[in-house]
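Chain residues, written in single-letter form:
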Amino acid sequence: GEDVEQSLFLSVREGDSSVINCTYTDSSSTYLYWYKQEPGAGLQLLTYIFSNMDMKQDQRLTVLLNKKDKHLSLRIADTQTGDSAIYFCAESLSFNDMRFGAGTRLTVKP
Amino acid sequence: EAQVTQNPRYLITVTGKKLTVTCSQNMNHEYMSWYRQDPGLGLRQIYYSMNVEVTDKGDVPEGYKVSRKEKRNFPLILESPSPNQTSLYFCASSWTSGRVNEQFFGPGTRLTVL
Numbered sequence: 001g002e003d004v005e006q007s008l009f010l011s012v013r014e015g016d017s018s019v020i021n022c023t024y025t026d027s028s029s030t031y032l033y034w035y036k037q038e039p040g041a042g043l044q045l046l047t048y049i050f051s052n053m054d055m056k057q058d059q060r061l062t063v064l065l066n067k068k069d070k071h072l073s074l075r076i077a078d079t080q081t082g083d084s085a086i087y088f089c090a091e092s093l094s095f096n097d098m099r100f101g102a103g104t105r106l107t108v109k110p
Numbered sequence: 001e002a003q004v005t006q007n008p009r010y011l012i013t014v015t016g017k018k019l020t021v022t023c024s025q026n027m028n029h030e031y032m033s034w035y036r037q038d039p040g041l042g043l044r045q046i047y048y049s050m051n052v053e054v055t056d057k058g059d060v061p062e063g064y065k066v067s068r069k070e071k072r073n074f075p076l077i078l079e080s081p082s083p084n085q086t087s088l089y090f091c092a093s094s095w096t097s098g099r100v101n102e103q104f105f106g107p108g109t110r111l112t113v114l
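Protein chains in written order, with my numbering: chain L, 1 to 110; chain E, 1 to 114.
Please keep in mind that the hints were generated in silico from the structure rather than gathered at the bench.
Just so it is clear, CB atoms sit at the ideal spot from N, CA and C, and this is done for glycine as well.
A few of these clues could be false.
Capping the alpha-carbon separation at 30 angstroms, the derived lysine-lysine pairs in DSS-like fashion look like this [as the list claims (entries may be wrong)]:
1) E:K57 x L:K36
2) L:K56 x L:K67
3) E:K57 x L:K70
One side of the interface only, derived from the structure: several residues of chain L facing chain E at Cβ under 7 angstroms [to be verified]:
4) F9
5) P39
6) A41
7) L43
8) F95
9) F100
10) G101
11) L106
12) T107
13) P110
Model the full structure from these sequences, guided by the hints.
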């Protein structure tokens with residue numbers, strides 16, 4: 001398909017790792033982003049990765065990029081209840097052309 | 001505090017009654033954008049502006065207008081709202097220096113058109 005695709009739901013136990021997956025559409029996308037949306041709030045940029053990178057790590061967050069399969073993932077280590085939110089994957093074909101997935105709702109159970 | 005503000009946060013209106021949703025940012029960002037968020041769909045861009053007096057259509061511009069007379073403000077205008085414009089709307093802004101578009105989002109405006 002032509003949409004940025006994500007699974008809609010993910011549930012994990014507190015302390016486990018969470019892996020949120022995304023398939024994007026355009027192999028020429030320059031940057032890929034992960035945004036977090038908490039209830040009643042706007043999106044907040046979590047991290048991004050340039051398309052010539054395979055991995056980026058930022059504290060508890062690890063982003064993996066497989067350009068061949070157009071697959072992006074976000075791993076959250078030691079997931080906490082405060083990580084419960086909707087996570088959006090987005091690809092950037094140009095500065096003003098950003099395509100978002102539908103979001104993955106992460107639920108963290110105590 | 002650096003922020004993007006939107007008003008109103010919630011609005012219920014009737015078909016055909018013109019409305020404006022305001023968006024303001026205090027970070028001196030050149031780029032501003034409007035998105036709508038619908039269940040099961042990603043954010044879809046309505047309009048964007050690269051700077052004052054420079055606006056362009058996004059993916060779903062039909063039924064909307066925007067203006068960018070000042071750098072900080074980017075209002076979204078619905079001249080004749082229809083029920084299919086019931087949605088959650090987000091304004092966002094960013095600097096245009098560099099290639100990464102690190103957008104800051106407002107808290108959203110939930111619009112219901114009856």
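*Of the hints given before, which are not true for this structure?*
Violated: hints 4, 5, 11, 12, 13.
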